[in-house]
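All chains, please: the whole structure from these sequences, using the hints.
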Amino acid sequence: MPPLPKRKYPKSRQGKRRSHLALKMPHVVDCPGCKSPRLAHHACPLCGMYRGREVISLPGPELDS
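Quick note: the sequence shown uses the numbering used here, first residue 1, plus one each step.
Be aware that a few hints might be false.
[Stated by the list, open to error] Derived Cβ-Cβ restraints for the label pairs, each shown as a range:
no., residue 1, residue 2, range
1, Ser12, Pro59, 53 to 61 Å
2, Leu39, Leu4, 44 to 52 Å
3, Lys8, Glu54, 53 to 61 Å
These are calculated hints, taken from the structure and not from any lab test. A virtual CB, placed ideally from N, CA and C, is assigned to each residue, including glycine.
Given below as structure tokens:
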């Protein structure tokens, strides 16, 4: 016979335990460089800017000479 709980715990206790499992909305802000939405405290995936400087060098359009 497997071990079982000694008593039935109320749903309020179960809810308190699961209170931190809810999904939270990501904090999205507009990029000051290209005005596209990006995550706060992250570099912009489109222009590579973070805090006013380019931190990711993204490949631009190639010019044929």
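Any of the earlier hints contradicted here, and which numbers? none
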